[in-house]
Amino acid sequence: MDKENPQVNERPGAQKATESINVASSQSNNSIIGATTLQRKQSHPSFASNSTKLWAVLIRSLFGNPLKIISTLVGLGICILLIPPFIEWGIVSAVFSADPVACQEARGIGACWGVIVEKYPLILWGRFPYAQQWRPQLSTALLLVLIVRSSLNRVTFTQLCAEWFCILGLIFVLMSGYLGPLEFLRNSVLTPLFGQPFTVVSTDLWGGLPLTLMLSFVCIVLASPLAVFLALGRQSQLPIFSVLSKTYIELLRGVPLISVLFMASYMFPLLLPSGYSPDVLIRVVLGISLFAAAYLAEIVRAGLQAIPKGQLEAADSLGLGYWQTQYLVVLPQALKIVIPGMMNSFIAIFKDTSLITIVSLYELTGSLSLALNGDALWRPFKLEGYLFITLIYFVFCFSMSRYSLWLEKRLNHS
Amino acid sequence: MFLKSLLRKQSFRAKLYQVLLLISLSLGLAYLFSNTMQNMHQRGIQGGFGFLFDPAGFDISESWIEFNSDESYAKAFLVGLINTIKVSLISIMTCTALGILLGLGRFQENPLIKLICYLYTEFFRNIPLLIQLLIWYVLMVEWLPDSQSPIQISFLNFNFFLSKDGFAFPWFNDLVTGYAFVSPEFIDSNITGGATLSPEFMALYIGLSIYTSAFIGELVRAGLLAINKGQIEAGLSLGMTQQQVTKLIVMPQALRVIIPPLTNQYLNLIKNSSLAVAIGYPDLVNISNTALNQTGHALECVFIIMAIYLVLSLLTSWLMNTYNNRVMLRG
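In order, the protein sequences belong to chains A and B.
Quick note, the first sequence lines up with residues 1 to 414 if you use my numbering.
Quick note, the second sequence lines up with residues 415 to 745 if you use my numbering.
Zero decoy hints are in this set.
Quick partial rundown of chain B residues pointing at chain A, CB under 8 Å, derived from the structure:
1) A428
2) N524
3) I530
4) E536
5) I719
Rather than coming from a laboratory, the hints here were simulated on the basis of the structure.
These numbers come from a predicted model, not from an experiment.
Think of the CB as a built atom: it goes at the ideal place given N, C-alpha and C, for glycine as much as any other residue.
Please work from the sequences and hints to get the whole structure.
In structure tokens form, the structure reads like this:
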């Protein structure tokens, strides 16, 4: 019973303070349980007896009745079926060195993690020229530092935007080697500074982790404002705005992302004037952003709908115009409400970027196939490679979802 | 002067904005359209859906209706559509069952079950579906035994075989004596009788079901959490049994919370089945991709995919809405 009363368990301090009140006045169900919990705790003050109690609870919950015994056995069965073979395959019999002969021998019995030792530069950094790989590495590090920094929210919004703008510009220069008006610096300053020529690298050589991260990030940044406008349009009093936004949202939500990507890679060149066709990377970014905006718009709409009508009327009677009302009154509250939903969508966008390998761009998934398919020696060990990028995706997605939970809690407190 | 006062009027401004939006949108679309026409003319692409009646010239590895390469593109698209519907339907059923189990598992007192359900959900939710599909496919075609030595599971008189060639199971066969339910047999290192699901299908089916079930599990959990615990206690104290409480108090209310997001998950599953193209299962997207590469009718092929998926999505939401209306609060 005490487990199911989180209100009490989470705040032991507050509980002690209200102890006497709880015992004295048994007004609500919660306080009764709180009191009994406390009594139980007091009757087992020492650590040892507490731990025996824990064991008792554990054993009771595992083997308390026939149903529990059956479910425990099923659970144990699953564990025994999965864990020991995996440890045997992945650790005990595994080959950790980049030795294709040993890997070939262990094939089917043990994992060949050597494939990752051998191929990780290609998987992580794609086809970027080998000598220049410090550039994607530095870009990834910059991006990660910036993401962590902005997640912790120690800086103001304007400062954040300025930082993002500068760092993204820097990353673009680092990755592409495009200097624009500062071209004269290339040979005179940069080459001696880095000890090697700072070459221009075309976007089709970009790949791996930095591409995945940049793509997700840029798509999120482009899609979010569009989503806000779409959501406002959908909620608009003006019929043409609302019908058009609704059509757009429902249309894009009704089709798979792959079809949008096909459109981006095959149809965009047809739609634009002949001779002018943007880089495939830009087309894909546009495609994913347009697609994601439709999903985000529905989430933002939920937030807009949660704002009480009285606030709009109050803003109206204060003489605020439409945009002032939205910017000053509605959006700050609406966006705060939908943060968990937005984070879920961001995770979905991050996962969806893996699809661009289907239109031949070499982000993490694509660069793995690139690394292994071309090499007959290592091609049999695809599974290990997949597990490696699975781990990378999992770390990012899981930390995003944890962050979203943390943010939600913090916003609820303040 | 007149214009100024007119501009100040809110109703006029509203109309003005809308007209401006319409004009700019139509201009933009017209511009894109003229570009497309010009580009297609330059590249010598004939527009239109006439190509649908040309012979397709490619074979499809699995299909429920007879198909050979002399038949038209239109029929190839139909085969793809049927394959999409087939894998979606079966996956929807499986992922619902798995999802309910997962959702219920999170409420068990048994910590082991709770932990397993939690790990399952977090693990499969946080990995891109594409990679999961690729992993299942690798497991299917590289880790299973050859078709000469399949894994055999026998249950009563029925045989099931699992090998690199797919999954064989008892099914209705067209015999000389008419249709009969036949169990597959392993004779002379060949599996005969029954029906076989290709490894591509199996990988897609398992991947889709497991991925979506992780999301559905969370929905079920949220639906059950939405029910006030007091109601369950009240039901029990009225002398209802646990089953009655579940049937009369928990389920009607939980379903109300679960059904709308569940519809979204089903729609996602149908759309996600398009990832079949990555592992070579001949679904709609895969076939139109082949058709696109063969004929160059990019516009038409992408249009067909989008139109069919839109219809499928609308159909699914309509079905689920009908069901939702039945479980919704009346009055």
